[in-house]
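Engineer: Residues per chain, in single letters:
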Amino acid sequence: MPIIHYIEADVAVGSTVMQGAVDNMIDGILAECGGSCSCATCHCYVDEAWFDKVGEAGGTEKTMLEMAMEQQPTSRLSCQIEVTEDLDGLVVRLPASQY
Amino acid sequence: MIIGDEPYAPYQRPPLPKEFMLGQKDDRDILIRPEATYDKHGIELRLNQQVVAINPIENTLALDNGEKLDYDKLALCAGARARKINLPGGELAGVCYLRSLDDVKNIKNYLGVNGAVTPGCRAVIIGGGYIGLETAAALTKLGVNVTVLEMQDRVLARVTASEVSEFFQRVHTEEGVSIRTNIAVSHIEGEHLLTVCNDNGEHFDANLVIIGVGVIPNVELAEAAGLAVENGITVDEFDCTSNENIVAAGDCTNHPTSLLANSLLGGRLRLESVPNAVEQAKTAAASICSQSLPYASYPWFWSDQYDLKLQIAGLNQGFDQVLIRGDNKHGWSFVAWYLKEGKLLAADCVNRPKEFLVAKQLLSREITVDPAKLVDESIDPKIFLQ
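Protein chains in written order, with the numbering used here: chain H, -14 to 84; chain C, 4 to 389.
Source of the hints: derived by calculation from the structure; they are not laboratory data. For clarity, every value in this text was computed on a predicted model and none was experimentally measured. For glycine and all other residues, C-beta sits at the position ideal for the given N, C-alpha and C. Check before you lean on any hint, since a few could be wrong.
Simulated restraints on C-beta separations [stated by the list, open to error]:
1) C:E177 with H:I(-12): 19 to 29 Å
2) C:I386 with H:Y(-9): 40 to 50 Å
3) C:Q294 with H:V(-2): 31 to 41 Å
With a Cα cut of at most 25 Å, we get these calculated DSS-like pairs of lysine-lysine [as the list claims (entries may be wrong)]:
4) C:K43 with C:K285
5) C:K357 with H:K47
6) C:K111 with C:K144
7) C:K111 with C:K71
8) H:K47 with C:K376
9) C:K21 with C:K108
10) C:K385 with H:K47
11) C:K21 with H:K47
12) C:K343 with C:K376
13) C:K71 with C:K87
14) C:K76 with C:K285
15) C:K385 with C:K343
Same shape as in the complex, but just chain H:
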């Protein structure tokens, strides 16, 4: 039988997508470095419809992503996505390798 994940979580403005996942015990986001952009274990794919609002990775994050497994055009490190009111309804997916 197919397994379908329906996950919704409330995340405070000013937090990050990574912290929201950890706070809600979501599997697949380890965030070993606690959000300091050091480990690439919080890699996510931003839904294409949301990517413009979220924006592209910059600096260290961009370089880390280049080397992350299964990089896609909308890849981001979720610890670097700050949650704002504009992101209400944001959809992100996780790489299969993080499970």
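Chain C: place on chain H using the hints.
Structural biologist: What follows is chain C alone, placed relative to chain H:
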């Protein structure tokens, strides 16, 4: 149920000498998860309570409040504590350590009032390891006048090659920190204004002294319960201790390693690192649930100082060659590759996230790269993986 002797829910320690010291993060920001998450998932948090004894025959714990608790499975995740130095004056007010949230709150009290640093505030840091240097960077940013006293002839002597030590000494000096090596502190004296002295009659005045000379694993409970202990609680690859109902994880454990390249390690390791604690926790949790998830991850570490991101892949013990990619003498970006008989053991990557992630893969996949290529900046490090 989680029992902890601190008054706070589990929190991240790495930000303590950095973002927390700088006031960029507060008590809530550094929590691993908010307390509500534990409630929601039926995890009882018992804070401010200390386990004083384990009875491994009855499977019970004795708490400091006199309570006795039963367990079916017990996980010892007791971490490590700051090593205290036994010096005359070591107990004076203003002599601080840095390991816990309360330690940093205590340090902040000596810096000034309400988070504002008193102008002219001086700090002496004893110990030029990662904690000492990270603290020096944060305090300097806050406007404190910082002196680091290191006993060895270079900072980070225990953990890096001299090329990397020289780099960090240069950067800290450029940022205004006074770094003094070969200084063996003999005693501390004074009230309000402290004076740190060495055997040669030199002295360093300070409003506060921060001691960062390593940690000691918290093994006493395990030892008293009769568990096998040797430089940490002895665990197997499944994080099981010598008692079938007790697992252990993190800085307090000594675990087997498959890092054969580092033959000096003798097949066992005790690591002081967050990634190791996270990986061991997964293995230990699996063992509690009668699943088998052997611990097999490669060690890595990080340290942020100023705008420097140091990421370390592997362990360099036993290296016989250091190769530098980039310019460690002038710039702020380079890699120190550590090799033994031509085989990669570890890499210290300063502002080189790409090389860091490549190094992790080179190590875990045991790929050997021509040393000439490792230092050739015209070659994209991605190519090393092909």
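Engineer: Next step is simple, just say for each hint if it's right about the structure.
Structural biologist: Hint check results:
no.: 1; hint: C:E177 with H:I(-12): 19 to 29 Å; in the structure: 55 Å, violated
no.: 2; hint: C:I386 with H:Y(-9): 40 to 50 Å; in the structure: 42 Å, holds
no.: 3; hint: C:Q294 with H:V(-2): 31 to 41 Å; in the structure: 38 Å, holds
no.: 4; hint: C:K43 with C:K285; in the structure: 21 Å, holds
no.: 5; hint: C:K357 with H:K47; in the structure: 9 Å, holds
no.: 6; hint: C:K111 with C:K144; in the structure: 14 Å, holds
no.: 7; hint: C:K111 with C:K71; in the structure: 37 Å, violated
no.: 8; hint: H:K47 with C:K376; in the structure: 24 Å, holds
no.: 9; hint: C:K21 with C:K108; in the structure: 13 Å, holds
no.: 10; hint: C:K385 with H:K47; in the structure: 14 Å, holds
no.: 11; hint: C:K21 with H:K47; in the structure: 23 Å, holds
no.: 12; hint: C:K343 with C:K376; in the structure: 16 Å, holds
no.: 13; hint: C:K71 with C:K87; in the structure: 31 Å, violated
no.: 14; hint: C:K76 with C:K285; in the structure: 15 Å, holds
no.: 15; hint: C:K385 with C:K343; in the structure: 22 Å, holds
Taken one by one, the earlier hints fail for this structure at numbers 1, 7 and 13, listed in ascending order.
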